[in-house]
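Participant: What follows is each chain in one-letter form.
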Amino acid sequence: MADLEKIMKEENIVYKKTKVLTDNVMHYCPGCSHGVVHKLIAEVIEELGIQDKTIGISPVGCSVFAYNYIDIDWQEAAHGRAPANATATKRLMPDKFVFSYQGDGDLASIGAAETLHACNRGENITMIFINNAMYGMTGGQMAPTTLVGMKTSTTPYGRNIDLNGYPMKMTEIVASLPGTCYVTRQSVHDAASVKRCKKAIKKGFENQAKKIGTSFIEITSTCNSGWKMPPVEANKWMEKHMFAYYPQGDLKDAERDNPDDYIKYIK
Amino acid sequence: MGELKLMKGNEVIAEAAIRCGCDGYFGYPITPQSEVMETLMARKPWETTGMVVLQAESEVASINMVYGGASCGKKVMTTSSSPGISLMQEGITYIAGAELPCLIMNCVRGGPGLGTIQPAQSDYFQACKGGGHGDYHLIVLAPSSVQEMNDFVNLGFELAFKYRNPAMILSDGAIGQMMEKVELADYKPRWTDEEIEKISGDWATTGKKANRKQHIITSLELDSEIMEKLNHKLQAKYKKMEEEEVRYEEIQCDDAEYIFVAYGSSARICQKSIQIAREKGIKVGLLRPITLYPFPTKPIQKLAEKVKGMLSVEMSAGQMVEDVRLAVNGKIPVEHFGRLGGIIPSPIEVVEALEQKIIGGK
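Protein chains in written order, with the numbering used here: chain A, 1 to 267; chain B, 1001 to 1362.
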């Protein structure tokens, strides 16, 4: 113990929890991606120095309590309506940083209209989309993003195309809308992906200051309880099956890909 | 004397919003109230007062934009008509649950379903008894003239902020569409950030300063013990409104033997009916509720001590009549008369109904 106290000195610290993350114990299941993504958002807010200017909009779903963990002002939206709250908040306070944090049921199913129209209007907000292919909070029902054949509590024999239609590629859809400036698909299942994801989130927030449209960041995630898999197995399953249908990386970066259009847009 | 104009009720809502320093309007087109957003878009207040005006993708989105704007301590509003207001009920109950101020105008048309685009008063239950899920109330103001459409925008915001509660102007297709002389209010500037800090600084989501705790706007509480306390707090607020905010008008009630109880368009018709009835020697007066919630229960009780009967006149199948009966509590006969589906009753019909249902009845 004495040795430990000797080591725990300011000059020896190589990693430390950001102050933007509260000390509340998270309610998420072991292996869940939410905790990691929360941490990344909190770190980005600290690094950009925008804690006093950021308003988060939390969804209905497992991350409904996101406000307990990230120490900023929050609005808890109705199911699927976070982009509507975010739209008004940003338009009424254009100098603030506004982001919505939503799961796949919230963003791609009940809130599909709000999502598409906020992106289509090019609201200067950042949308964080946690896609774990399942309704986690209500006990693992089928989501629009559930893969074909995947077993959930409402597709006990596996998702069947005839019965349930196809898994929805929401991120590809919003990338096709002229209002989005940055659309990317990331994950947080290993050290390298966590680093890449943080960079993407940071870019999403930085885009708000440039006022160039909606930044949309999907984070392909795991749901250990819903998938009924231990964390390591879930990560492997995600890499093999989820990444095949939901390919990782940037889908659109208007500033990089179309600098001329981008300049026209911000003019 | 303020500026005098001849204007439509719906246009006046837009004009009054700009003049009272409203920060944001979020709406979706629906007959018979589309003039509100059309007027705002033509007036371009974002260039003058800085007011945000946005056409949303649906009524669901517009009420949740109001939820977002109200969370920031801003003066925000939406307007719609019956089917659109039904779609908004989810957002309205969240706003009531999160105790946020905002203004909603319902230009009522006949229902149920898609119904008709003609005026009706068949959304009384929805407006006054909750509308969405859970135990809550809106502050409900019932204008009976274009002038009151103007006045109630400011009053609605005042009461909404006083109680941190959504307020509704319950208008109808007739009040919204008709043109009358109106005295407009003077321009009030929008609140500055400092003023918002003073008014809503202990709850609004304006960005967490280093010297304060997080502000979290939510209606969620999973601990039932706490949720019950939150409900009691809401109920205490409603009780205070019932004690302090009842507004009504009495017309020719002093010598009256019978009373019409009517609001909005119906109250206008009843004024003519009073004239016709009195020419026939029937002494009738009018009690016009201005606040439908809180309902003028006590004034009606008082009148019930001295009159022989009351007729609730509504363009519905009989909704407000239930509250009149609750107030009167069996002391005297209370009947309902109304036309449905967008039909406006004639003053003579109303007098005939009084004669048949109350005077000749018993």
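Hints may contain errors.
Said to hold, decoys possible - DSS-like cross-link-like pairs, simulated, lysine-lysine; straight-line CA separation at most 30 angstroms:
# : chain 1 : residue 1 : chain 2 : residue 2
1 : A       : K53       : B       : K1198
2 : B       : K1308     : A       : K96
3 : B       : K1308     : A       : K202
4 : B       : K1308     : B       : K1237
5 : A       : K96       : B       : K1357
6 : A       : K19       : B       : K1308
7 : A       : K203      : B       : K1357
As the list claims (entries may be wrong) - Covered stretches of chain B, going by a simulated chain A footprint (3 or more residues, C-beta under 8 angstroms):
#  : segment
8  : 1018 to 1030
9  : 1070 to 1079
10 : 1089 to 1100
11 : 1151 to 1165
In case anyone wonders, no lab produced these hints; they're calculated from the structure.
Where is the CB? At the ideal position from N, CA and C, for every residue including glycine.
Participant: Honestly, which of those hints from before does the structure not fit?
Facilitator: 2, 3, 4, 5, 6, 7, 11
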